[in-house]
Amino acid sequence: MTKHPKPDDKPQVETTGHSWDGIEELNNPLPRWWLWTLYGTIVFAVIYVILYPAWPMVNGATKGVLGWSTRADVQMHIEQVDASQTEMRASLTQTDLGALDRNPELMEFAMNAGAAVFRTNCSQCHGSGAGGAVGYPNLLDDDWLWGGMVEDIAYTVRHGIRNEDDPDARYSQMPAFGEMLDRDQIATLVAHVRSLPDGADPLSGPGGQLFADNCTSCHGDDARGDRTQGAPNLTDAIWLYGDSPEQVTRIITRGPFGVMPPWNTRLSEAEIRAVAAYVHGLGGGEPNAAP
Amino acid sequence: MMSDIPQNLYAARVPIFPRRVQGRFRRLKWWIMAATLAIYYLTPWLRWDRGPNLPDQAVLVDLANRRFYFFWIEIWPHEFYFVAGLLVMAGVGLFLFTAMLGRVWCGYACPQTVWTDLFLVIERWVQGDRNARMRLHQAPWTGRKIRLMGTTWALWLMVALATGGAWVFYFTDAPELARQLVTLSAPPIAYATIAILTATTFVFGGFMREQVCIYMCPWPRIQGAMMDPGTLTVAYRDWRGEPRGRGLRRQAAGLRVTGPQIGGRAPLIPMPGVPDTTTHVQGPGDCIDCNACVNVCPMGIDIRDGQQMACITCALCIDACDQVMEKIGRPRGLIDYLALSDAPREAAGGAHIPAWRHALRPRNLIYLAIWLAIGAALVFALFIRPQIELTVAPVRNPTFVTLSDGSVRNAYDVRLRNKHHDARIFTLTPGADSMTELQVEGHQDGQVPVPADAQTRVRVYLTAPAGSPPATGDHSPVRIWVEDAISGERAHVDSTFNGKDSR
Chain B
57 MTKHPKPDDK
67 PQVETTGHSW
77 DGIEELNNPL
87 PRWWLWTLYG
97 TIVFAVIYVI
107 LYPAWPMVNG
117 ATKGVLGWST
127 RADVQMHIEQ
137 VDASQTEMRA
147 SLTQTDLGAL
157 DRNPELMEFA
167 MNAGAAVFRT
177 NCSQCHGSGA
187 GGAVGYPNLL
197 DDDWLWGGMV
207 EDIAYTVRHG
217 IRNEDDPDAR
227 YSQMPAFGEM
237 LDRDQIATLV
247 AHVRSLPDGA
257 DPLSGPGGQL
267 FADNCTSCHG
277 DDARGDRTQG
287 APNLTDAIWL
297 YGDSPEQVTR
307 IITRGPFGVM
317 PPWNTRLSEA
327 EIRAVAAYVH
337 GLGGGEPNAA
347 P
Chain Z
9 MMSDIPQNLY
19 AARVPIFPRR
29 VQGRFRRLKW
39 WIMAATLAIY
49 YLTPWLRWDR
59 GPNLPDQAVL
69 VDLANRRFYF
79 FWIEIWPHEF
89 YFVAGLLVMA
99 GVGLFLFTAM
109 LGRVWCGYAC
119 PQTVWTDLFL
129 VIERWVQGDR
139 NARMRLHQAP
149 WTGRKIRLMG
159 TTWALWLMVA
169 LATGGAWVFY
179 FTDAPELARQ
189 LVTLSAPPIA
199 YATIAILTAT
209 TFVFGGFMRE
219 QVCIYMCPWP
229 RIQGAMMDPG
239 TLTVAYRDWR
249 GEPRGRGLRR
259 QAAGLRVTGP
269 QIGGRAPLIP
279 MPGVPDTTTH
289 VQGPGDCIDC
299 NACVNVCPMG
309 IDIRDGQQMA
319 CITCALCIDA
329 CDQVMEKIGR
339 PRGLIDYLAL
349 SDAPREAAGG
359 AHIPAWRHAL
369 RPRNLIYLAI
379 WLAIGAALVF
389 ALFIRPQIEL
399 TVAPVRNPTF
409 VTLSDGSVRN
419 AYDVRLRNKH
429 HDARIFTLTP
439 GADSMTELQV
449 EGHQDGQVPV
459 PADAQTRVRV
469 YLTAPAGSPP
479 ATGDHSPVRI
489 WVEDAISGER
499 AHVDSTFNGK
509 DSR
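For the protein sequence lines, the chains are B and Z, in the order given. For our numbering, count along the first sequence from 1 and bump the result up by 56. For our numbering, count along the second sequence from 1 and bump the result up by 8.
These are computed hints drawn from the structure, not numbers from a lab. Even for Gly, the Cβ is constructed at its ideal location relative to N, Cα and C.
Cβ-to-Cβ under 10 Å is the rule here; a few derived chain B residues that face chain Z:
#: 1; residue: Asn-84
#: 2; residue: Pro-87
#: 3; residue: Trp-89
#: 4; residue: Trp-90
#: 5; residue: Gly-188
#: 6; residue: Thr-291
#: 7; residue: Gly-337
Covered stretches of chain Z, going by a simulated chain B footprint (3 or more residues, C-beta under 8 Å):
#: 8; segment: 18 to 29
#: 9; segment: 465 to 474
Work out the full structure: start from the sequences and follow the hints.
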C-alpha cells in the first residue's frame, strides 16, 4: 500500500533553500503561458520602439516610423476643437451682442470662450478674478469709465484706451495739475474731492471754486464724470487710484494716463465679443438701452 | 523530496477533463448558474418607466450624463457614497461568507467558475464526457477532431460574444445599441469593448480556466488569512477514508453476507439500502481510491491531499464521492463540508457538529451585524435624500467688491440640483436676518429654471448696503435658501460674507 500524503504533509516540491524560522520558500515552476506573456511584452516593446518615439538621444528622441509626436497630437486636437467651433464663432460674430442672452446656447459658448480669453490676455492687468488693482479697473463692480453695456465693453477691448496703435482707441487725458496749481491749492482740492462721496456739494466750500475752474469741464458740475471722456464719477465709492490723501494728491499733481492696448490685432472678432460678454456677465454689466 | 536535478523552471498546463457528475451540489450549481447568467444577460433589457425626460432602462450606468439608474433609485455623482457603501457591504459580505463557508464565492458565484462551467457544458455536449475528450485530445488531427474542436470553439466564441455584448448594454439604451450594433453604426468604443471582453471570456473560459484561479487571482491567497478553524470548507475525512483500499475492502469484509441472497451467492459488495453489517476493525478505510473525486475536479486536484490553494470548493467531489459511497454501501460524506476543527475531534471519535453551529459563530454574527448596519444606514440615507439640493462655493478672487454706492458685494458659485423628473423653477432668497440682498447673474428676481434631472450653475451676488454691519465688518454668516415653487421644497446652505474689515 502506497503512502498517501496527509493534509499536514509538506508539499513535495523543491525549495529555494531559503528558510525563515522554519518557513521555507517553495520553488514552484512558473506556468509556461506566463513565459509566453513575457515574450509577448518583449515583442510588443520592439514593435513599439520601431513605430513610436522611444529612445532618448542627446537632442530629442528617436522619431519612430509612424512620425507620431505629442505636439502634433495636441495640434491635431486643437484643430479639431477649432473646427468644431467654427459655426458657433461665426454665429457669435454675426449676432447682436445686446441680444445674446436670448440665445442660451450661444451665451454659454461666449461665457466659456470669454473666460478662456480673459485668463490668457486680460488677467495680467485686471487680475485672474477680474478684481483689478490700483490703476487697473475692477471689472466686477458697477462703475464704468467708458460705458458698461456689452457693446461699450466690446469697443474698449477692440480698440483699447490711450494707445498710439489704434486711431479709434478711446482717448482722453487729465492734465498734470502740479504745473498749474500750487501745493496749497492742490491740498484744498484733494480735501474737497475726497469729501464728494459723502455728499458734499462739488461747487461750494473751500475747494468749490477750484473744482469749478479746473475739473468740471470733464468731471461735470455734479462731479459725476463723463463717459465720453472716460472721466470717472468722483461722487461714488470707487477710487481707481486709491482714496488716501497721498494717492489723490499724486493723481491731481501728475495726472493719470492708464493705457490699454487694442486687441483687434491679436484677438478675432468672435474672441473680442466673447470676452466682452464674459466681462459684462461678471456682475457689473449694465443692461442694454431698450431697443 | 529535494532532488539534485533542478526541475523545469516553467511548467506546461496539464489539460483537465472533468467528468460529468450528478448530485445535490451539482444541482445547486446548475440553479446558481442559471440565475447568475440570466441576471447578467437579461438585466439590461428590463424597462422602468421614469417619465419622458429620463431613460427607461431599469439598470443603466449612464457615464456620459453621470447618472446611475437602478430601478427606482437614481444615483448622482455626488452621491457616490451609496456605491461606496455597496462596495463596503460587498467587502463585509465577502468576509462573512469566507468566514462561514470558505471560498464559496469561488466555487459557486465567481464569473470565472460560472463561465468555465458553461464552457464545459458545451465541450461535453460536442465532444463527449471525460474519456471521450481525453481520447480526442490524444488523437492526431484528423478531420473528425478538427470538426469537433472547431464546433466547440465556435460555440465558445458565440457565448463569449454574447457575454462581451451584454456588458455594453449596461452603459446605454440596450435596444437602441443593439440596433446600432447590428447596422454597424454603434460607437467604436462599443465594438472595442465587446472585442476585448469576447477575447477574455473566450480565452479565460475555454483555455485558461484553472490557471486564472491559481496564477492570476489574488483571492486564493487572501482566503487563507480569512478562514479560521470553524470555517466550513470542502474536506476529506481522512480518518475515515485511510488507508485506502482497492480490493482490500473485499478482504476486510471477510466475504460476509451483507445483502440479499442472489442465486445462492452472497454479493461481495454490500447492496444499497441494505444495512451494512460488515465490521471494520482493522484494515482499509472507506476510500476505495476510485479517483472519482479527482476525475470530476475542474481544478484537476486531489482533495484528499488536504486543503490547498487550487481548491475552489465547488463541491463536485462531494457529489462524486457520495455516489460511490452509495454504491459501496457506506454512509455519504467521506468528502464533505467540514470545519478544520472537526477533523481532530471526529478523528478521535467525537460527534459531528452540525453546519449551522459552525455558521452561527460570534465572528460570523459580528460580520452579519456590520453588514446589516451598513445596509440599514444606506437604505435610511436613500429615503431621506432631498429632491432639490444646492452647493455654494464662495468666489474668493477677489474676496469682495465695493460698488459705486459704497455697498459691498460677495459672489458665490451656486450649483442647483433638480432631481425631479420634470423642469422646475428654483427661487433663491437670502436668509431672513442676513441684511443682504440677493441677485442672480442673468436671472431676474432670483428665479432660475433648472431642467429635469439636471444641475445648473449660477453666479449669485449677495450685496450688503453701505455702512451695514456685514459691509463694514469682517466675516458675517449668511444663508442662501432655494425653494421649488411647485413642490414647495426648501433647502439651504450656510456660507460666509466678507466685509471691508476682512481685507
